[in-house]
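S.K.: Whenever a hint applies, use it, and build me the whole structure from the sequences.
What follows is each chain in one-letter form.
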Amino acid sequence: MVLEDCRDDLEWCSRCSMCKFIPMEVISGYDFATVCPSIARYNFHSYSAGGKLNMALAMLDGRIDYTDKLVEMIYQCQICGGCDVSCKYNRDMEPMEALYEFRMKCVGDGQLVPAHMIVIDGLRREDNMMGGSKSQRGDWAKGLDVKDITAEKAEVYFHAGCRYCFDNELWPAARSAVGLLLKAGVDVGITGKEEVCCGGRSYEIGYLGEFTKYAEHNIEMLKVAGVKILVTSCADCYHAFKVLYHKIGKKLDLEVLHITEYLERLLEEGKLKPTKKVPMVVTYHDPCHLGRMGEPWIPWEGVRTKGSGMIFLHEPPKEFRRGTHGVYEPPRNILKSIPGLNFIEMARIRERAWCCGAGGGVIDAFPEFALWTALERVNEARTTEAEAIVTACPWCKRILSDAIKESGDRLQIYDVVEILEQAL
Amino acid sequence: MALNRNAYKALEDIVGADNISEEPAVLDAYALHWGLKAFTGNPFGRRHEAVLLPGSTEDVQVIVKICNQYKVKFKALSTGWGSMNGPGGEGVIQLDLRRMNRIVEINEKAMYAVVEPYVINAQLQAELMKRGLTCNIISAGSNTSALPLTALMGSGPTSNSTSYNNRNILGVEWVLPNGEILRTGSLGSGVGWFCGDGPGPSLRGIMRGYKSPLGGLGVFTKAATKVYHWPGPEVVPVEGASPGYTPKLPDIISAHYITFPSWERFTEAGYKMGESEIALACDKLPPWMLALNLTENAREGIRLFSEIRPQTVDKGISVLVVIGADSQREFDYKEKVLKRITSETGGEYLPLVEEPATRKKLIWHRVRATTGARETFRLMLSQGASFGSCDSWEFAVNEAREGARLKQKYIEKGLLVDDGVDNAWGTLYEHGHMGHMDELYLSDPTDPASKQAAFTLMEETTRACMEKALGCPQTVMGDRGHDLFGPRMNNYHLWVRKFKKALDPNGVSESTNYITVPE
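Protein chains in written order, with the numbering used here: chain Y, 1 to 424; chain W, 425 to 943.
It is worth saying that the hints were derived from the structure and are not from the lab.
Computed from a predicted structure; not experimentally measured.
Mixed in with the good hints there might be a few duds.
Said to hold, decoys possible - Pairs of lysine to any residue, SDA-like flavour, derived with a Cα cap of 25 Å: (1) W:Lys554 x Y:Lys306; (2) W:Lys922 x W:Glu943; (3) Y:Lys69 x W:Lys875; (4) W:Lys461 x Y:Leu60; (5) W:Lys875 x Y:Glu11; (6) Y:Lys251 x Y:Lys336; (7) W:Lys554 x Y:Arg382; (8) Y:Lys105 x Y:Arg304; (9) Y:Lys69 x W:Gly515; (10) W:Lys763 x W:Glu854; (11) W:Lys672 x Y:Lys134; (12) W:Lys925 x W:Val900; (13) Y:Lys306 x W:Gly465; (14) Y:Lys134 x Y:Lys223; (15) Y:Lys336 x W:Tyr669; (16) Y:Lys153 x Y:Lys271; (17) W:Lys489 x W:Ile605; (18) W:Lys784 x Y:Ile349; (19) W:Lys875 x Y:Arg304; (20) Y:Lys318 x W:Leu728; (21) Y:Lys147 x Y:Lys183; (22) W:Lys925 x W:Gly515; (23) Y:Lys69 x W:Asn428; (24) W:Lys875 x W:Glu854; (25) W:Lys875 x W:Gly905; (26) W:Lys672 x Y:Asn333; (27) Y:Lys250 x Y:Glu319; (28) Y:Lys147 x Y:Leu60; (29) W:Lys672 x Y:Phe343.
Stated by the list, open to error - Covered by chain Y, according to a simulated footprint, are these stretches of chain W (three or more residues, beta-carbon under 8 Å): (30) 450–456; (31) 538–552; (32) 602–613; (33) 668–676; (34) 797–811.
As the list claims (entries may be wrong) - Residues from chain W that keep clear of chain Y, each with C-beta distances beyond 12 Å, as calculated: (35) Ala431; (36) Glu446; (37) Leu477; (38) Arg523; (39) Asn531; (40) Leu627.
The beta-carbon is built from N, C-alpha and C at its ideal position, and this holds for glycine as well.
M.R.: Okay, here's the thing in structure tokens:
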């Protein structure tokens with residue numbers, strides 16, 4: 001696919017501005033009505049999905065050429081998918097595809113964001129997005145009595161992901177995840193320092209070649225290891241393994257689960273029993289890649305063609321991913337299973353959740369914008385009077401943590417697994 | 425034509441470097457409007473010289489004064505849906521009022537709300553509902569500005585109980601094209617926003633009149649809009665995920681989709697419903713739109729339309745009636761009256777909308793006005809609209825009848841989409857005898873014959889307005905249209921030009937889509 005393939009959608013954006021807001025049906029007040037951090041922060045229409053579609057069409061039609069500002073506008077966006085859900089509440093379009101393709105065109109045309117070049121260079125050298133040394137990738141798991149699937153067989157593979165591996169402050173959550181699996185008697189293994197990036201972030205910033213390379217590597221590794229289930233605590237990795245690999249025609253021949261999905265299963269099977277009270281008021285932040293973007297990929301190949309009665313329809317019929325079937329319930333069900341825990345929802349949840357700010361390469365290239373976005377979410381959480389934000393992704397936890405620190409707030413932040421661990 | 429550097433610097437000093445742009449990509453994002461594609465084959469209109477994001481009335485006032493000083497034309501937009509928001513000529517700067525997004529006041533006692541231009545209707549309505557109130561939301565959708573001066577016409581699904589924008593305007597803060605701030609209605613006398621007509625200058629007819637001036641008469645920076653009683657909950661709980669939300673509405677808010685055997689019976693029923701004051705909405709949502717409204721993709725919409733066609737299109741003319749009540753007793757009374765009216769006029773309820781889940785979904789879609797883009801743009805076809813006067817109910821119905829009559833031959837020839845022929849959207853106003861109808865039609869802009877049919881139909885409907893005295897079409901914009909209709913309507917165009925000249929002596933408020941004054 002290339003940007004030109006999105007032309008129909010580029011031309012038929014009606015500039016309704018739905019992409020700037022959560023779906024109209026669920027707006028419950030003046031506050032927290034917006035969904036797109038990019039337009040909310042920078043205000044010009046060009047920052048919204050609609051505006052980016054307009055600019056992409058202008059580019060295809062030769063009306064504009066690259067400038068630093070244009071590239072900046074394309075990348076000052078977490079590519080969080082909020083716009084996609086709101087647009088597709090009413091329309092049969094794929095705005096997110098156009099956003100991805102616009103980035104891939106930038107990379108193809110050599111229009112690179114300097115900060116991303118550094119990250120990609122690190123990826124090529126060290127197989128991670130964090131600039132860390134690959135020799136230290138497995139340090140997070142030191143002392144854990146867990147199998148190494150490069151040396152012995154296991155039924156379940158736990159993929160930690162770059163953020164968990166190289167962000168020391170977050171190690172406890174990754175260790176808790178493995179600890180809970182072991183406690184439930186799961187035959188789980190890791191790859192330690194042999195683990196490599198899932199490639200997902202490189203896809204999102206437009207480097208399809210790198211993404212494909214890492215997808216192929218991981219597929220081969222998993223094939224050799226012979227695991228049946230891949231579990232990850234990182235929403236970005238989950239999205240890559242489950243959605244993006246399938247999207248590029250490399251669907252994994254195993255079950256991909258987010259840790260919350262697997263833990264929910266273990267709770268249902270009675271293999272984990274939360275009995276200790278956790279007397280805390282918490283709210284839950286849906287990671288975009290687990291929620292609205294985490295719904296399964298639906299392959300479709302065809303055309304939009306004029307049929308009888310002058311109506312243009314997709315042939316064969318196309319089923320759109322509208323954010324309906326993301327992973328929303330498992331983390332909530334885990335929280336609801338914990339004795340003494342008081343769980344309160346924020347205004348923007350599930351498919352219309354506000355992004356944490358870290359995604360799409362924004363945390364690397366535009367850290368202030370990432371922090372601004374996270375602060376918005378912290379403010380929203382504060383209105384619930386919760387003591388803690390609970391989430392299910394290390395990228396969210398990192399930036400929300402930074403925002404809490406920046407704001408001087410007393411809010412705590414946890415991963416779902418850390419809360420569950422307290423209850424066992 | 426680049427903007428004079430001194431002018432640019434002066435403007436930048438007002439809004440700050442982050443809130444002004446001459447970047448070609450930014451300008452093209454503002455230059456694209458879907459409506460242009462149907463007319464010119466190119467969705468891009470003229471580029472602005474710059475786009476500015478003022479943050480306050482004071483910003484706007486200084487910007488307008490600078491524009492007068494440097495003879496730079498300006499045009500403001502709020503949410504910006506529609507090609508009329510773009511500049512009609514060269515050398516224009518765009519004011520995007522996005523940063524002016526505050527609800528200034530909600531006065532529950534006097535029943536009005538004061539908003540800035542970028543408060544959207546969904547936000548305002550949600551806040552009002554918490555206070556047992558609601559507002560008129562234009563049929564385009566709640567994703568549009570709540571300022572009652574922005575929409576072209578200003579009627580919406582609940583206009584039967586919430587009136588329409590022309591009538592809902594109360595006090596207004598208006599930056600005139602010369603940079604002066606004018607406060608109209610009671611606001612002009614410093615006694616609050618509660619009245620549009622005084623004590624203080626009214627100017628409602630000049631300021632908005634039959635249609636909005638489409639950005640051609642300065643900038644409306646704040647306005648009060650009348651608000652109305654809402655019989656539903658403070659917050660409508662909505663379960664599920666997009667797009668298949670399930671709203672939880674009380675049973676004493678209900679709806680029926682009623683098909684009448686003839687235009688005459690339909691007209692009669694409308695009058696009776698107005699007189700009885702039973703309906704929260706008397707919303708002529710045509711079956712085509714109903715089908716698209718209730719489905720989650722285009723294919724499903726087409727399928728549902730085929731399914732309900734025998735019960736609606738083939739049987740007559742349909743309307744959606746929403747009943748809202750504060751008590752069971754009131755509800756029972758209203759339901760009974762509606763049944764009586766339906767029976768007296770030969771109407772039939774559509775079973776589909778009698779299903780509770782479908783009914784609740786539909787009510788919320790219409791009360792919140794969430795599906796405008798679904799009903800009009802999902803099929804990715806060019807949509808035209810004709811007629812659209814605000815006049816007596818019978819007059820409005822006659823517009824729809826004529827629209828359907830003129831349209832039919834093009835549908836039979838396969839040049840326009842078969843939307844059931846009568847695809848007029850309309851509403852009763854204020855439980856009264858007034859109403860609105862605009863006939864919609866869909867063409868394929870990639871097919872020259874279809875495109876031509878749409879143009880010809882528009883010309884025919886315009887001619888019908890003149891020859892059959894069916895009012896001034898809502899699509900009349902710009903000099904050509906006004907010069908055509910003005911002489912037939914008390915030479916209103918001459919007056920509009922005089923007002924324009926008086927209020928905009930330097931001609932800086934860009935008004936190609938409104939009316940221009942020859943040099």
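S.K.: Give a verdict on every hint.
M.R.: Checked hints:
no. : hint                : verdict
1   : W:Lys554 x Y:Lys306 : 46 Å, violated
2   : W:Lys922 x W:Glu943 : 13 Å, holds
3   : Y:Lys69 x W:Lys875  : 38 Å, violated
4   : W:Lys461 x Y:Leu60  : 16 Å, holds
5   : W:Lys875 x Y:Glu11  : 17 Å, holds
6   : Y:Lys251 x Y:Lys336 : 33 Å, violated
7   : W:Lys554 x Y:Arg382 : 21 Å, holds
8   : Y:Lys105 x Y:Arg304 : 23 Å, holds
9   : Y:Lys69 x W:Gly515  : 23 Å, holds
10  : W:Lys763 x W:Glu854 : 21 Å, holds
11  : W:Lys672 x Y:Lys134 : 53 Å, violated
12  : W:Lys925 x W:Val900 : 20 Å, holds
13  : Y:Lys306 x W:Gly465 : 18 Å, holds
14  : Y:Lys134 x Y:Lys223 : 22 Å, holds
15  : Y:Lys336 x W:Tyr669 : 23 Å, holds
16  : Y:Lys153 x Y:Lys271 : 22 Å, holds
17  : W:Lys489 x W:Ile605 : 11 Å, holds
18  : W:Lys784 x Y:Ile349 : 22 Å, holds
19  : W:Lys875 x Y:Arg304 : 19 Å, holds
20  : Y:Lys318 x W:Leu728 : 17 Å, holds
21  : Y:Lys147 x Y:Lys183 : 14 Å, holds
22  : W:Lys925 x W:Gly515 : 19 Å, holds
23  : Y:Lys69 x W:Asn428  : 22 Å, holds
24  : W:Lys875 x W:Glu854 : 37 Å, violated
25  : W:Lys875 x W:Gly905 : 20 Å, holds
26  : W:Lys672 x Y:Asn333 : 23 Å, holds
27  : Y:Lys250 x Y:Glu319 : 20 Å, holds
28  : Y:Lys147 x Y:Leu60  : 51 Å, violated
29  : W:Lys672 x Y:Phe343 : 22 Å, holds
30  : 450–456             : holds (count 6)
31  : 538–552             : holds (count 7)
32  : 602–613             : violated (count 0)
33  : 668–676             : holds (count 3)
34  : 797–811             : holds (count 8)
35  : Ala431              : 19 Å, holds
36  : Glu446              : 10 Å, violated
37  : Leu477              : 5 Å, violated
38  : Arg523              : 6 Å, violated
39  : Asn531              : 16 Å, holds
40  : Leu627              : 29 Å, holds
The structure is inconsistent with the numbered hints 1, 3, 6, 11, 24, 28, 32, 36, 37 and 38, although it conforms to all the rest.
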